[in-house]
Amino acid sequence: MNAKKSAVIFAWMLLLPSLLYISVIVIYPLIDTVHLSFTNASLKKTYSYVGWINYDKIFNETFAAVVIRTFVWTFFSVLIKMVIGTFGAIMLNTAVPGRTLFRILTMPPWIVPMAIGIFMWGWMYNGQFGMISGVLQNWGVVDGPVAFLAYGSSAFWATIVTDVWIGVPMVTLYMLAAIQSVPQDLYEAAWTDGAGRMYRFRRITLPLIIPALITMSMISLISTFNSFDIIWILTQGGPSGSTTTMIIDTYKTAIGSYKYGEGAARAVLICIFLSIFCFFYFRVTSRISPETAR
Amino acid sequence: MSNKNAMINRYAWYETIAIYAGIAVFMIFVLAPFVEGFLVSLKPLSRLFSSPYKFWPENGSFDAYFTMWDSVPGFGRYVFNSIFISTVATVIVLLLVVPAAYAFARFRFTGRGPLLGAFLAVNMFSGAVLIIPLFRLMRSMGILNTYAAMIVPGVAFLIPTAIWLLRTYMLRIPKELEEAAYADGASRIYTFRRVILPLAMPGITVVAITTFIGAYAQQFIYALTFNSKTEYMPLPIGLFAYFGRQEVIWNELMAASFVGIAPAMIVIFFLQRYLVNGLTAGAVK
Chain A
1 MNAKKSAVIF AWMLLLPSLL YISVIVIYPL IDTVHLSFTN ASLKKTYSYV GWINYDKIFN
61 ETFAAVVIRT FVWTFFSVLI KMVIGTFGAI MLNTAVPGRT LFRILTMPPW IVPMAIGIFM
121 WGWMYNGQFG MISGVLQNWG VVDGPVAFLA YGSSAFWATI VTDVWIGVPM VTLYMLAAIQ
181 SVPQDLYEAA WTDGAGRMYR FRRITLPLII PALITMSMIS LISTFNSFDI IWILTQGGPS
241 GSTTTMIIDT YKTAIGSYKY GEGAARAVLI CIFLSIFCFF YFRVTSRISP ETAR
Chain B
295 MSNKNAMINR YAWYETIAIY AGIAVFMIFV LAPFVEGFLV SLKPLSRLFS SPYKFWPENG
355 SFDAYFTMWD SVPGFGRYVF NSIFISTVAT VIVLLLVVPA AYAFARFRFT GRGPLLGAFL
415 AVNMFSGAVL IIPLFRLMRS MGILNTYAAM IVPGVAFLIP TAIWLLRTYM LRIPKELEEA
475 AYADGASRIY TFRRVILPLA MPGITVVAIT TFIGAYAQQF IYALTFNSKT EYMPLPIGLF
535 AYFGRQEVIW NELMAASFVG IAPAMIVIFF LQRYLVNGLT AGAVK
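Chains as they are written, first to last, in this note's numbering: chain A, 1 to 294; chain B, 295 to 579.
Each hint should be verified, as a subset may be incorrect.
[To be verified] Reference excerpt, derived from the structure (chain A facing chain B, CB under 10 angstroms, subset only):
#1 L16
#2 Y21
#3 I53
#4 F63
#5 A65
#6 V67
#7 R69
#8 F71
#9 V135
#10 W232
#11 I247
These are calculated hints, taken from the structure and not from any lab test. On a predicted model such as this, the values are computed, not experimentally measured, just so you know. Glycine included, every Cβ here is placed at the ideal spot set by N, Cα and C.
Between the sequences and the hints, there should be enough to build the whole structure, so can you do that?
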């Protein structure tokens, strides 16, 4: 009994440093965000409580547009990421020579400093001299230069494509691991029974990787919703707000215009959405693999 | 067994072509920016701004790789800062995470499950959401415009994944080894240091690599917001300043980018096996 008690104390001692760290750097700021959202805090040292005014200000038409834009942006980014990533995983799972090299070559967008990959996209989107506009012109698809980041709708999709590009390696490697964890003898049994490749894929691989697909979609959803660097580097939310997502809007309000109170209220709304996603994530993952929820 | 595998995986010629075509399309998407960036770094600036667009550089040279040191005077400093920030962050993460992962892997205590869940839930927030209170926190700690302002917040968001990875690894270490140590009268701390740590070393190495890569890849928002001193800027922010200018020297900036990401590329090629295992372990059960 005594030994058991000391084991528990020892365990908490081991946990204490990281618990303290997270409390100061994540939990306290979370509480502070809620607290600030009810104040008119700014660069000034002092601030006072203003009740629900910040939230009142938010609920106007432009903000609804920002929320809708964020969801559309996130939805398409996650969807395309999952499709391309899973396609890549299926391709890299094939038994063709050179696949190890291709697997390594999948990683760079994920591994190199994000910002630097985004700089390269910035050049590619350049209308006068960039690759995409140039190639399209050479092929005769477009007549003149297309400055992708200069127009609202093309900037919107350009930032999505870059976000997809950064997210794809993780989806690919994760889905590849999932595909490889399908027991080999299932394929052998099906093969012995004369099942073709497509049939084996549809009836064995696909059903068994669906949990991984769902899990990865949820992880992507949360990280895409938080996406900041890509939009900030490429467009800073422009042109005329067409790529301003909730995160960008919060950053602009708080850090750009020093309206900490209004920014905090926006951050609280983001946290609420994220909590909902997270709740579903835990619900879904515990349903598809009960042991992880333990 | 392997014979049977070989037969299952034998492709007809048209299937092989289709597979390589699929891989080619996928690889073009993933690598195009790097190829284009590299070719840009070889083009003389005057050629760069000429139409019609040419994919291959004419009169290509590596000149930009030499001239960039003058155009981006802080370059060496930026790379050093990036590596320094990532290294310190990795060391702090390991100091915090190794004991915590051991506690989660080995001890039964009330609230273990929810606590692990709470750690993982940290992953859902990014620094961007908490930027306002973090800014105030950094200011009141008096560490704005120092290395610490870029290291301290980043560490918190690297902890959850590291704990999860290392816990998964430690769960696989046989319990009997610790029990034998306890039976010989070894204390808990001694057992942790002399039995568990050596056995967990491969796992700790993987976590260290993935944490370093994560810290190196994500240096942007804290450095953008909490630091304005040029001498402390990490590479992404140092270069970002040049991208906003009227006359962007694209070829030299691309050259600088490539030299800057070289360390990460080298790591990928030498450690790719650990990376794949580390990044996907625990994710697929």
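_Violating hint indices (sorted, rising)_ = 3, 4, 5, 6, 7 and 8
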